[in-house]
Amino acid sequence: MRQNLKWVGAIFLALAVIEIINIITGRSLNQFGIVPRSINHLPHIFSAPLLHANTWHFFSNILTLCIFSFLLLQYGVNTYLKVTLTIIITTGLAVWLFAGRGNHLGASSVIYGYFGFLLLAGFISKQFSRLLISIVVGLLYGGLIFGVLPHGRYISWESHLFGFIFGLLAAKIWARVPSYNISR
1 MRQNLKWVGA IFLALAVIEI INIITGRSLN QFGIVPRSIN HLPHIFSAPL LHANTWHFFS
61 NILTLCIFSF LLLQYGVNTY LKVTLTIIIT TGLAVWLFAG RGNHLGASSV IYGYFGFLLL
121 AGFISKQFSR LLISIVVGLL YGGLIFGVLP HGRYISWESH LFGFIFGLLA AKIWARVPSY
181 NISR
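155 is the number that UniProt numbering gives to position 155 of the sequence shown; each next residue is one higher, with no gaps.
Please note: incorrect hints may appear among the correct ones.
Unchecked claim - Heads up, simulated SDA-like pairs for lysine to any residue below, C-alpha to C-alpha not over 25 Å straight-line: (1) K172 with L97; (2) K126 with T86; (3) K6 with S129; (4) K172 with F70; (5) K126 with P43; (6) K126 with V136; (7) K172 with L139; (8) K82 with W7; (9) K82 with S47; (10) K172 with F46; (11) K6 with I67; (12) K82 with L63; (13) K82 with L93; (14) K126 with Y141; (15) K82 with P43; (16) K6 with Y141; (17) K172 with L149; (18) K82 with R176; (19) K126 with T84; (20) K6 with T86; (21) K172 with F58; (22) K172 with F146; (23) K6 with F58; (24) K172 with N78; (25) K82 with C66; (26) K6 with I62; (27) K82 with S69; (28) K126 with L139; (29) K172 with S125.
What the hints contain is simulated information worked out from the structure, not anything from laboratory work.
The structure displayed is predicted, hence computed values, not measured ones.
Kindly produce the complete structure, drawing on both the sequences and the hints.
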């Protein structure tokens, strides 16, 4: 658990440093968000989740991102990294291909991916502690599901929707507990 808290602390610190740099530079880093179907912005699928439109946007994401990261780390660092990379790449590509006009950025794409993973993974793994995580996430954060619907001019609901879908897919792929065949 201590190691997982160190990971969460590192994630928080990295995003806070990026946010401070972005504030100091007058939000100049936001040019590295995803602009759908712009070839020049395709590589930004990796930077967009690290950036936020304003300080309120940052603070509205950081706590949930840290909580979900901690819960996902219960599946191990290797699974955490695979799930995170899968969500960033697949959601970023889907937003780049299908989202509406604008500059899409923010950690909410990853948050919704983690949300999808955490909701489903406990049921797939069939481990009590992980099932409990799924139930608690569903009860405490179930309202997030409404974020996948169009609901605001400056909110990338597409990032939420695709993040959630690819989080569910990541759970189908990586939530199973490895079984070891021991033969004598």
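Consistency of the hints with the structure:
Restraint check for K172 and L97: the C-alpha separation of about 23 Å stays at or below 25 Å, so the hint holds. Straight-line distance between C-alpha atoms of K126 and T86 comes to about 22 Å, which keeps the hinted pair within the 25 Å bound. Of the supplied pair hints, the one linking K6 and S129 holds, its CA atoms being roughly 21 Å apart against a limit of 25 Å. For the hint pairing K172 with F70, the CA-to-CA distance comes to about 20 Å; that is within 25 Å, so the pair holds.
Taking the CA atoms of K126 and P43, the gap is near 37 Å; set against the 25 Å cutoff, the hint is violated. Our distance criterion of 25 Å between C-alpha atoms is met by K126 and V136, whose separation comes to about 15 Å. Note on K172 and L139: the hinted pairing holds, with a Cα-Cα distance of about 21 Å set against a maximum of 25 Å. Between K82 and W7 the alpha-carbon distance is near 15 Å, which keeps this suggested pair within the 25 Å criterion.
At most 25 Å may separate the alpha-carbon atoms for a hinted pair to count; K82 and S47 meet this at roughly 17 Å. Under the criterion of a C-alpha separation no larger than 25 Å, the hint pairing K172 with F46 is consistent with the structure, at around 23 Å. For the given pair, K6 sits about 13 Å from I67 by alpha-carbon distance, which is consistent with the 25 Å threshold. A hinted pair counts as satisfied when its Cα atoms are at most 25 Å apart, and K82 with L63 qualifies at roughly 21 Å.
Our distance criterion of 25 Å between C-alpha atoms is met by K82 and L93, whose separation comes to about 16 Å. As the CA atoms of K126 and Y141 are separated by approximately 21 Å, the hinted pair is consistent with the 25 Å bound. Between K82 and P43 the CA atoms are separated by roughly 19 Å; this keeps the pair inside 25 Å, and the hint holds. Under the criterion of a C-alpha separation no larger than 25 Å, the hint pairing K6 with Y141 is consistent with the structure, at around 24 Å.
For the proposed pair K172 and L149, the alpha carbon gap of about 23 Å is at most 25 Å, so the pair holds. This hinted pair checks out: K82 and R176 have alpha carbons roughly 13 Å apart, not beyond 25 Å. Proximity of K126 to T84 is assessed by CA-CA distance (about 22 Å); at most 25 Å being required, the pair is judged to hold. A hinted pair counts as satisfied when its Cα atoms are at most 25 Å apart, and K6 with T86 qualifies at roughly 22 Å.
Taking the CA atoms of K172 and F58, the gap is near 30 Å; set against the 25 Å cutoff, the hint is violated. Between the alpha carbons of K172 and F146 the distance comes to roughly 22 Å, so the proposed pair stays at or under 25 Å and holds. Taking the CA atoms of K6 and F58, the gap is near 20 Å; set against the 25 Å cutoff, the hint holds. Using a Cα cut-off of 25 Å, the hinted pair K172 and N78 holds, with the two alpha carbons roughly 16 Å apart.
A threshold of 25 Å between alpha carbons decides the hint, and for K82 with C66 the separation of about 17 Å falls inside it, so the pair holds. A C-alpha spacing of about 16 Å is found between K6 and I62, which places the hinted pair at or below 25 Å, so the restraint holds. About 13 Å separates the Cα atoms of K82 and S69, which keeps this hinted pair within 25 Å; it holds. A C-alpha spacing of about 19 Å is found between K126 and L139, which places the hinted pair at or below 25 Å, so the restraint holds.
In summary, the hint linking K172 to S125 is supported, as the alpha carbons are separated by about 9 Å, within the 25 Å threshold.
Hints 5, 21, counting from the list given before, are not met by this structure.
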